[in-house]
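Spelled out from the first residue to the last, the chains are:
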Amino acid sequence: MEAIKELSYALDTFYLLISGAFVMWMAAGFAMLEGGLVRSKNTTEILTKNIALYAIACVMYLICGYNIMYGDGINSIIPGISFFLGTDNTVEMVMAGGDDAPHYSKLADFFFQVVFVATAMSIVSGAVAERMKLWSFLAFAVVMTAFIYPVQGFWKWGGGFLDQAGFLDFAGSGVVHLAGAAAAFAGVLLLGARRGKYGKNGEINAIPGANMPMATLGTFILWLGWFGFNGGSELKISDIGEANAVAMVFVNTNAAAAGGVIAALITARLMFSKADLTMALNGALAGLVAITAEPLTPTPGLATLVGAIGGVLVVFAIVGMDKLKIDDPVGAISVHGIGGIWGLIAVTLSNPESSLGAQLLGVVSIFAWVFIASLIVWSILKAVLGIRVSEEEEYEGLDLVDCGIEAYPEFTGSHGSGK
Amino acid sequence: MEAIKELSYALDTFYLLISGAFVMWMAAGFAMLEGGLVRSKNTTEILTKNIALYAIACVMYLICGYNIMYGDGINSIIPGISFFLGTDNTVEMVMAGGDDAPHYSKLADFFFQVVFVATAMSIVSGAVAERMKLWSFLAFAVVMTAFIYPVQGFWKWGGGFLDQAGFLDFAGSGVVHLAGAAAAFAGVLLLGARRGKYGKNGEINAIPGANMPMATLGTFILWLGWFGFNGGSELKISDIGEANAVAMVFVNTNAAAAGGVIAALITARLMFSKADLTMALNGALAGLVAITAEPLTPTPGLATLVGAIGGVLVVFAIVGMDKLKIDDPVGAISVHGIGGIWGLIAVTLSNPESSLGAQLLGVVSIFAWVFIASLIVWSILKAVLGIRVSEEEEYEGLDLVDCGIEAYPEFTGSHGSGK
Amino acid sequence: MEAIKELSYALDTFYLLISGAFVMWMAAGFAMLEGGLVRSKNTTEILTKNIALYAIACVMYLICGYNIMYGDGINSIIPGISFFLGTDNTVEMVMAGGDDAPHYSKLADFFFQVVFVATAMSIVSGAVAERMKLWSFLAFAVVMTAFIYPVQGFWKWGGGFLDQAGFLDFAGSGVVHLAGAAAAFAGVLLLGARRGKYGKNGEINAIPGANMPMATLGTFILWLGWFGFNGGSELKISDIGEANAVAMVFVNTNAAAAGGVIAALITARLMFSKADLTMALNGALAGLVAITAEPLTPTPGLATLVGAIGGVLVVFAIVGMDKLKIDDPVGAISVHGIGGIWGLIAVTLSNPESSLGAQLLGVVSIFAWVFIASLIVWSILKAVLGIRVSEEEEYEGLDLVDCGIEAYPEFTGSHGSGK
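Residue numbers (the working numbering), protein chains in the order written: chain A, 730 to 1148; chain B, 730 to 1148; chain C, 730 to 1148.
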């Protein structure tokens, strides 16, 4: 039996590591999605932000974020703090532990978790694109990944008060996606819209992204990565019941994304008379975000429906945000915020252990904490470093200002870079 | 021993799920390949087609396609029909089943199969690119993935008459690739060539694709995904013999693609005096398609040769199609049709259980069914909705007409989009 | 217990195959990275080189490279030669073998190794970009992958004299990365700089790459692939200790890349006052190369530091190479050569079994062998075929000259292709 425990531990560890690698790949997905949806003059900068924020997330979560989120809290609201990682499980711990014994490597768990915090942070970069100062953004990333995200992560996945209240969030519609959207929302409010986005007479000007194939690639990358995101969140695959559960999560994750694509495409067709690719992409992502809170208990048919509703909602949310003059160049707040809230509520459709009250408590708690904490940090950054580039710099594009490198020097050349 | 059965079931399920995720990734590969090989004015539209067809495939195969293909047939030719998925295997079923017991999750099997039907459908979108109406294409996708593909899938993998006749097709040179090519061929015949492709005096005009890096990326994605496509089709990895078999499949799949690249590159060099990248890419794909019917029994040397012959054939096939004025912008019919037929025949080179007669029966049956059924569906669509855009729309490009979004608004701008 | 051995063998084989697939994916990463960092007029050609070199590596390593590297050497310096692959392990060999029994498929091992040689060769293509003749390059690839690489691989991983001397190189900072860089260095010295790179008055002209999103994508692909590269090099995952080890390798690999990004970004900011995206990308890669020699024994904090030092070194190396007028368009020699040497030395920071002397012996032996052997081969090619395109061809771009296909025909058109 010891040999079986060893092998089982190995399989679960391998499954978590591969799942984590898939989630890491989502960083590329966000980079491509955001890089494709902004104008060429701001593309290098957003690519720089994306790779840098991923790196910062990895370092800060290693230094203290992971321990805040999964350490011993002072109570169920206030987490404890400690630094770096301890040693991994010994053979003795696994063998002697009975049913509560660790069944996978602690370091594999860290790897799986660290890529999640990077995902949350990636959501922010898209919403504040094309006008935020690079280094202020990176400073925010430090605080978000070291502290803001881990605190609410502790509340749910670390065993804090939301977990105790019965709030259910399988893989992070709230803890990851709503949290990212709330931080983005605070930033966007302080930052204001891009110049020229909203006209004086109330008109809303479309600012097309420079590279649709790249945005599409980004969406496919995210879709693929989500099998690790949701599939890995079962945290165990090594017996029949768990293997079936992981399979169900894969099927439902895929089904919800498919439902999101179709629903968003049809909704956009009805509203705009066009097969709007960006809405189809956002529909896929909204479907994925929506199923993330509960990809296990729905039937695949219901999962398709949950995703489809997410796909419809995201089209209305993007249109509505523009009406409110909240400028989110890639639709990140709509996809991850509205999609996340819908997903948390949709848990009640299939999971008998859920309650609408607990789900709403989670929505309000996560949003309030992340939004307010982010607003404070963004405000301090605004006062100290400034968060918005100058009018002249915005016109010139962030690439030359911040990075000194054009994204496509030969394709746009001197004739404009989308100015 | 029960614990070992549980673990073995978990490993096989995990292996199928990861394989399926790799195959899902092929959807991104087709999108990038086709998006790179068309002109910029039709790029957004083909990206939209690719993500939408994947979503449609997932939904239709869930609704009935899977059950047609793997359900109880009325007889060995006519499949039965039922809807949605049943429950997964119970622990009891696995334990009590003896040698015939299920050894992986049913839902994992569904996931692995659903991404295959999407692959077949992806083949079609490339061949009809740059002139087909978006919504007619999507309507065809509904019928293809719900019915046409599953019927012939049932004939082989569902235990129908082709399986009984000894037709061998390990991972789908016929069931997936030839089927996709046959559906595409029917569409292309009804649709006609792109304007300007074939001149009045018999000249053939090259219409270069807009983005070679993207096409190359697509090919690499497909190559990677093929390890899941072929590797997962062994369906079991959990003992020494099966693990060795999966390893052989990986090695041979890679070898055949490599052989295809080299052979196509040299063939193109001899014919055109240039190292033609698109031929190298199609050579890789033809090699992959060719080895798909039998990646297990050849030695790696033979697999390289099977792929290399595929690579030579595809160059001649592409040239030949143009001589016949059959316009296939991405070479999909040559790659998947000719490559698929060659692969089915090549089974006889290494598998002693194969017979040329059974292989040819498979080729004829699959081609005839899919071609005729598709021709009927395309014809109905042509009569009801129309399948070809207007001359004016073709000139303007499908992106603005169907999608309202340019793929690269800043790179081509008003000076042409490849008109 | 036999059933456990079977299952364990299956898990280790699956782990190696998936790791190998991740490393194969790095071929796409190099293609995208190099394709993004050259000018558009040379993009098709470098894509062709990348897919062709991968194919050549697969074939040559199958024919004899693998057997040179892992066969029976004549002595500890001179390897033996045999051809193609033998049969895989039988059940009997696994069961009867005791502790020395094979614990994974031989073919899976071949698959994992063959993608490594492709990686080494990919390093070369970037450094010689934009001026080397395509077919001479491919001829070099034949010799490099069939012979030059396998010989030094035998010295370490095949049990040759470097292994016996206590030289440590976990996953190939030396055997793969320094070897690739040494071959590239020899080629670059014979080839000379691109026209216009270094002015008559000592000025260094930046030649910006055409497509930053593609270069960024390539870096993310490499980062992802590196989990297979390093993670798979543990070669076993099927018990608690090994699973923990693989998890540690994943965590440290990721941490080093993150450290490299941040350090390179800050270094570039201090030196150039800009957040230089290409330096951030090269920082990630240098961090990855640096940790490759020893990703197991450092703590994650130390791994971050090893990567960060790699990130600093690469910025200085790239600047220094330009001062020496050694023209390496993508920084490959700096990343893989300097990063590799640093990584081999850094082994001594955490691994008590290492010695600085043995590490330096490895550096010198690998560099000397690959550099001299490559210099001879490049020289023969220069004399026989020529290795550099004509001045006129270099001006026109290699795409039209060698491939007959423009990478982006609609974006650059007749107005220049970066001339």
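In case anyone wonders, no lab produced these hints; they're calculated from the structure. Here the structure is a predicted model, which is why all the values come from computation and not from measurement. Among the clues, some could well be false.
Identical copies carry no separate label here, and so any pair may be met within one copy or between two of them.
In silico EDC-like pairs for lysine to aspartate or glutamate, Cα to Cα no more than 20 angstroms straight-line [what the hints assert, rightly or not]: (1) K1003 / E1125; (2) K1111 / D892; (3) K929 / D1051; (4) K1052 / D892; (5) K965 / E731; (6) K926 / D829; (7) K1003 / D892; (8) K1003 / E1122; (9) K926 / E1120; (10) K734 / D968; (11) K926 / D968; (12) K965 / E932; (13) K1052 / E731; (14) K1003 / E1123; (15) K734 / E1082; (16) K1003 / E1121; (17) K734 / E971; (18) K929 / E1120; (19) K929 / E971.
Now for the hints, and whether the structure bears them out:
1. K1003 / E1125: between (32 angstroms within a copy, 15 angstroms between copies)
2. K1111 / D892: For K1111 and D892, the Cα distance exceeds 20 angstroms both inside one copy (34 angstroms) and across copies (56 angstroms).
3. K929 / D1051: For K929 and D1051, only the intra-copy Cα distance (14 angstroms) is at most 20 angstroms; the inter-copy one is 51 angstroms.
4. K1052 / D892: neither (36 angstroms within a copy, 59 angstroms between copies)
5. K965 / E731: both (18 angstroms within a copy, 18 angstroms between copies)
6. K926 / D829: So K926 and D829 fail the 20 angstroms test inside a copy (55 angstroms) and across (64 angstroms) alike.
7. K1003 / D892: neither (44 angstroms within a copy, 44 angstroms between copies)
8. K1003 / E1122: Answer is between: at 14 angstroms across copies they meet the 20 angstroms cutoff, but 34 angstroms inside does not.
9. K926 / E1120: within (14 angstroms within a copy, 35 angstroms between copies)
10. K734 / D968: both (11 angstroms within a copy, 9 angstroms between copies)
11. K926 / D968: neither (54 angstroms within a copy, 57 angstroms between copies)
12. K965 / E932: neither (52 angstroms within a copy, 59 angstroms between copies)
13. K1052 / E731: neither (62 angstroms within a copy, 60 angstroms between copies)
14. K1003 / E1123: between (31 angstroms within a copy, 16 angstroms between copies)
15. K734 / E1082: neither (30 angstroms within a copy, 31 angstroms between copies)
16. K1003 / E1121: between (35 angstroms within a copy, 17 angstroms between copies)
17. K734 / E971: both (15 angstroms within a copy, 13 angstroms between copies)
18. K929 / E1120: Within one copy only: 17 angstroms inside, 40 angstroms across.
19. K929 / E971: neither (57 angstroms within a copy, 64 angstroms between copies)
Checked against the numbered hints above, the structure violates hints 2, 4, 6, 7, 11, 12, 13, 15 and 19; every other hint is satisfied.
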